[in-house]
Amino acid sequence: MKLLLKGGRIIDPLRKIDKIADLLVDGGKVVRIETNIEDPGADIYDAGGMWIVPGLIDMHTHLREPGYEYKESIRTGCEAAVAGGFTAVACMPNTNPVNDTRSVTEYIIRQAALAGIARVYPVAAATRGSEGRVLSEFGDLKEAGAVAFSDDGKPVVDSAVMRYAMEYAASFGALVISHCEDATLSADGLMNEGRISTELGLKGIPSIAEDIPVARDIAIAEYTGTSVHIAHVSTAGAVRIIREAKKRGVRVTAETAPHYFSLSDEALREFDTNLKMNPPLRSTEDVAAMKEALRDGTIDVIATDHAPHSSIEKDVEFEYAANGIIGLETSLALSLNLVREGVLSPADLVRKMSSNPAAVLGVRGGTLGIGAEADITVIDPNRPWTVDVRIFRSKSRNSPFNGWKMEGKAVLTIVGGAIKYKEG
Amino acid sequence: MRWTKKDLLGMKDLSADEIRLILDTADSFMEVSTREIKKVPTLRGKTVVNLFFEASTRTRTSFEIAAKRLSADAVNISASASSVVKGETLIDTARNLEAMNPDIIVIRHSAAGSPHILARCVKQSIINAGDGAHEHPTQALLDMMTIRQKKGKIAGLKIAIIGDIAHSRVARSNIHGLNAMGAKVAVGGPATMMPREIERLGVTVHHNIADTIRGADIIMMLRVQIERKAICLFPSLREYAKFFCLDRDRIRNAKEDVIIMHPGPINRGVEISPEVADGPYSVILDQVANGVAVRMALLYLLAGGSS
Chain A
21 MKLLLKGGRI IDPLRKIDKI ADLLVDGGKV VRIETNIEDP GADIYDAGGM
71 WIVPGLIDMH THLREPGYEY KESIRTGCEA AVAGGFTAVA CMPNTNPVND
121 TRSVTEYIIR QAALAGIARV YPVAAATRGS EGRVLSEFGD LKEAGAVAFS
171 DDGKPVVDSA VMRYAMEYAA SFGALVISHC EDATLSADGL MNEGRISTEL
221 GLKGIPSIAE DIPVARDIAI AEYTGTSVHI AHVSTAGAVR IIREAKKRGV
271 RVTAETAPHY FSLSDEALRE FDTNLKMNPP LRSTEDVAAM KEALRDGTID
321 VIATDHAPHS SIEKDVEFEY AANGIIGLET SLALSLNLVR EGVLSPADLV
371 RKMSSNPAAV LGVRGGTLGI GAEADITVID PNRPWTVDVR IFRSKSRNSP
421 FNGWKMEGKA VLTIVGGAIK YKEG
Chain B
953 MRWTKKDLLG MKDLSADEIR LILDTADSFM EVSTREIKKV PTLRGKTVVN
1003 LFFEASTRTR TSFEIAAKRL SADAVNISAS ASSVVKGETL IDTARNLEAM
1053 NPDIIVIRHS AAGSPHILAR CVKQSIINAG DGAHEHPTQA LLDMMTIRQK
1103 KGKIAGLKIA IIGDIAHSRV ARSNIHGLNA MGAKVAVGGP ATMMPREIER
1153 LGVTVHHNIA DTIRGADIIM MLRVQIERKA ICLFPSLREY AKFFCLDRDR
1203 IRNAKEDVII MHPGPINRGV EISPEVADGP YSVILDQVAN GVAVRMALLY
1253 LLAGGSS
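These protein sequence lines map, in sequence, to chains A and B.
Read in order, the letters of the first sequence correspond to residues 21 to 444 in my numbering.
Read in order, the letters of the second sequence correspond to residues 953 to 1259 in my numbering.
Chain A extracted, bound-state conformation:
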């Protein structure tokens, strides 16, 4: 099947392309990018006014399967992904059982293949059971298809274990993704520590609970000559530490999530559990720091940290509510706000949501090279829509953005040359 995308703005930062042209997909590959391609045998999609970009990649998703299929399954998570413009997602290992063995990794890959919707890259646990003590079998897991190692959701408390994880990963050419949280400082914390937590009487999570382990992990990377990726950066302090380390040539990369540049703790006054997450929504100064860090390249990646929870976990007292929000279907629209605000150029946006996550994880995609797999997202940057969680593909509804007026949406998501999502 041939597919011809006509007259779109093709944006491929890796190949320094930003022009109006047609793109022809054949046999699952990108075969031509030219102006005025004519091909009578191809299905034609009018991409006038749209952006044609390399498929978006979310390097931080929780698909909840195996174990928590009432929150999300690999299939529904992938449906949410392609509806949000993502052709690939990396899924975190805090399932039940934890993805710390080849059999779980293979199960995830098999379920994803059966669903046949988006590409799924398992991130395996850095330590057995994500308990922070014994390393998981990085070599075997990598062979099975794990793209990175992380105890996401739980910090690696023991600095020696973190050092060994990073060194051991390096010997297999693997990456460690660090959830940076000093659990002694964040213990019992429910939201960012500051004026709002003081007003609400909720136990705060200080910014230093993030800054300190970011500094630690960067020190380990520098000392051992390894690399590390910092997950869900939320504080101005972490940004400063990462910026300074990058300047000195430390091999550190970092991601933030759309909620950390779209919302601050000021939003929390009504005890809405859909605003409860870890790390927590920070101050307005931290929000500004996220934007600056995205602008100047300190933060490489926008990831969703899509964390589905059911009403069982969320329709309870704030203190008892689970952390996390869904993000796959809102991430692109929130990130497009940064383009409108002048924080990112369209090409920068594609870097943060496609090229950079591909490079950090070492997976294919992130570019529209001739002959490359046709993982393509077509974005209407101006399409107005209103977030309505009731019609989300995700099984869960825990989004603080419900009811928000958005501008910009993925209208066509192509994975391996096949249309997996098309906006009506």
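To be clear, the hints were calculated from the coordinates, so they are not data collected in a lab.
There's no promise every hint is true.
Stated by the list, open to error - Cβ-Cβ distance ranges computed for the label pairs, FRET-style:
(1) Asp208(A) / Glu1040(B): 57 to 67 Å
(2) Ala239(A) / Asp1201(B): 44 to 54 Å
(3) Gly149(A) / Asp1163(B): 46 to 56 Å
(4) Gly997(B) / Tyr90(A): 42 to 52 Å
(5) Pro60(A) / Arg1072(B): 56 to 66 Å
(6) Arg1072(B) / Gly149(A): 37 to 47 Å
(7) Val177(A) / Ile1178(B): 40 to 50 Å
(8) Ala239(A) / Lys1102(B): 56 to 66 Å
To be verified - Here are the simulated DSSO-like pairs of lysine-lysine, each with C-alpha atoms no more than 30 Å apart in a straight line:
(9) Lys429(A) / Lys22(A)
(10) Lys958(B) / Lys223(A)
(11) Lys334(A) / Lys957(B)
The model shown is predicted, which means the values in this text are computed figures rather than measured ones.
Ideal Cβ positions, reconstructed from N, Cα and C, are used throughout, including at glycine.
Given chain A, work out where chain B should sit, using these hints.
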């Protein structure tokens, strides 16, 4: 003015006029408690549910007496706060109560924001009787009633609040209410007990008792929660008492006619010395008496009465 709010969730939501209306109404109910027959028919046929997820003697009894003196039927429910062991969510509990059609639900809960959940999901009026470290508005109102009674006004007075501000819903509610009424609030205690950016709620912050109470018209001592010692807010009760216990000597830094308040229950010899708790400056028992009147006023206003 007329009362228009469905619920009383916190002092932060109240204007000075609303606070005045509550206090004036409470003043007018004071007399009922001194009669030989301590009962008026005002709320006959109304039902008040006291839903307490956290242990309380004073506040629960005070609400119960207030309801009964107004001839309302009061039902007390003591429940376990832990949603994990309880098996029923707060929202389900609330909907069950709603189905029985009471008029007012009074809730105390260890989790901040619980009264707000209730207020959103049931049609009854909700009174917050203390939610975590967030607010305890009826305590602040009875404190302000006591201040007005003793000093004739609130505006312009200097109030010192001393103790574990970080974990105190009483402190938060008083700070909001006293600021709305034009008082000046100083808070004091070791820095481990001062929540971050507390000064942005409109208070001055001190770390020793003398500076906190200098020139104060009112001193409010907070209960040291001895069970919190484990998390290192202070090294020992001995040291806390040495530096922060309000005793006769320290009172000299305040105004001569200072009054001493405490929301109770007091730890004698920890935050307050026995001679101060029982001494001439202490209005601790007036606070308790006023608590009944304030709660009568709130039940009356929320049940649809006007002043």
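Against the structure, the hints:
Between aspartate 208(A) and glutamate 1040(B) the beta carbon distance is about 24 Å. The supplied range of 57 to 67 Å is therefore violated. For the pair alanine 239(A) and aspartate 1201(B), the beta carbons lie near 51 Å from each other, so the given range of 44 to 54 Å is met. The supplied range of 46 to 56 Å is met by glycine 149(A) and aspartate 1163(B), whose beta-carbon atoms lie about 52 Å from each other. Between glycine 997(B) and tyrosine 90(A) the beta carbons are some 45 Å apart, a value that agrees with the proposed interval 42 to 52 Å.
Judged by the Cβ atoms, the range 56 to 66 Å given for proline 60(A) and arginine 1072(B) holds: they are separated by roughly 60 Å. For arginine 1072(B) and glycine 149(A), the hinted distance range of 37 to 47 Å is satisfied, since their beta carbons lie about 39 Å from each other. Taking 40 to 50 Å as the suggested C-beta distance range, the pair valine 177(A) and isoleucine 1178(B) does not conform, at roughly 29 Å. Distance hint check: the CB atoms of alanine 239(A) and lysine 1102(B) are about 59 Å apart, consistent with the given range 56 to 66 Å.
For the suggested pair lysine 429(A) and lysine 22(A), the alpha carbons sit about 24 Å apart, so the restraint of at most 30 Å is met. A C-alpha spacing of about 28 Å is found between lysine 958(B) and lysine 223(A), which places the hinted pair at or below 30 Å, so the restraint holds. Between lysine 334(A) and lysine 957(B) the CA atoms are separated by roughly 27 Å; this keeps the pair inside 30 Å, and the hint holds.
Violated hints, in rising order: 1, 7; the structure is consistent with all others.
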